[in-house]
Amino acid sequence: MTAGATPGDHPEAANAAGRDGTPVVVVEARGRPCPIPIIELARAARDLGAGTVLEVLADDPAAATDVPAWCRLRGQDYLGARALPDGSGTAYRVLRTAT
Amino acid sequence: MAPYLDHASTAPLHPVAREALLAALDEGWADPARLYRQARRARLLLDAARETVAAALGARPDEVSFTASGTQAAHLAVSGSLLGRSRAGNGLLVSAVEHSCVLHAAERHEAAGGTVVQVPVDHLGRVTPADYSPGPGTALASLQHANHEVGTIQPVAAVAAVLRDHRPDGVGSTDRPGGDEKHTGPVPLHVDAAMSVGRIPVDRRALGADLLTASAHKFGGPAGVGFLVVRTGTRWRSPLPADDREGGRVPGFVNLPAVVAAAATLHARTTEMAAEARELTALVELVRARVPALVPDIDVLGDPDPTGRLPHLVTFSCLYVDGEALLRELDQAGIAVNSGSSCTSSTLAPSHVLVAMGALTHGNVRVSFGRGSTRADAERLLAVLPAAVERVRAATGGAAL
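So the sequences go chain by chain: A and B. Once you know that position 59 of the first sequence is 59 in our numbering, the rest is easy, because the numbers rise by one and skip nothing. Count along the second sequence starting at 1, add 99, and that's the number in our numbering.
Note that these hints are calculated values from the structure, not bench results. You can trust all of the hints, since none of them are fake.
Output of the computed footprint for chain B on chain A, the stretches with three or more beta carbons under 8 Å from beta carbons of chain B:
id: 1; segment: 36 to 46
id: 2; segment: 59 to 66
So these bits of chain B aren't anywhere near chain A, every CB distance computed over 10 Å:
id: 3; residue: Q137
id: 4; residue: D264
id: 5; residue: G332
Cβ coordinates follow ideal geometry from the N, Cα and C atoms, glycine included.
Model the full structure from these sequences, guided by the hints.
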């Protein structure tokens, strides 16, 4: 599984899924070095419509800088990050915009 | 044609350095601390080298010591100041984008019970001077003259003014009656000028630096020579066992031939660097202007204003690109550049400079020109880069995103 999974596939992601019911698309990139998490994020985002929230799961430390940087460069909205409760990495949230 | 575009890592030996080094190997082998004629000759060479370096850096000769490297100079500047100022406190202020040699000295200080405060930078990699207002117990502040990865020039003189005007004891510039001025005075400022010396004018007095360090191999001098400038009156104590050499600041027999060559090179650089900077700025401007049009999804880093950056280097990050793979592609094409991407570092951690700037850390390339660099070198890079990036992106599924 790399991209396009639903929150149900990943309990931690599901727990954090939009409180307002917004669908969240999870991009699993744990264990992958940079720039793979960003490539997977971009591939997932390419196929999604505006308004979708993506959640990238990554343990590569570069993702903490590169996910927000990708958002800035590609005109997407960076929503924030949270550590995964099992210590396996970090979840970064991105809102797919119209651009 | 194999363009060497990594002058910011180290510069090829300058012809003046080679000539001076060969001459000094014959003339300057004796112990300058002895009293016979060979020693006096060595002493004269050492004194002349010190005067040359002092004049070039806006210092007095007795404020200049020669070290084994720029890293050693920075270590001694930071550790020696903290030791000399221990009665004032144990706080150290450093920018988040210092060279690792300064940050490692800071780590050592922290491990020994000291306090380290990191000053953030903006997206250009520049500190805000007001952020250098020292808190109580601050013993030393350290700020690079220019950044080694993106070339951004720091507002050093403004930071020095902040340190003068904001004393950590909160009494402003008014001396406390009966207070020990030596310990409650302004927080001294160490300036790591390794990237700027020999590239742009560096004047200790104009910068307001109390300590200034640099490295000879960065500007075409030989390896194995660093400069440590400690302004007269600055509290400093050697963190190393006592030794008489170099004013008691640097233990060990000085590498006199290399020091002579370093001083001669610095002198040569002061006369040639202004004209060279104009030429290299044009090359950097060419790369900065053309790269975004040639390569999609690329982020050119650092100050777009040429007066706010070093003349000889330009850094960019390519989205969806493995930096190490890109360096290999460019090396295949005969182009030598460096990268701050994590996959190219020994620690697999992304560059702390790029992280502090919030810049894209992967696909990072630092191009640094130098003496002898030509427009053809820049054109060659621009000719090779688009296909190299495309190949790397294709290999990892990062194309056409």
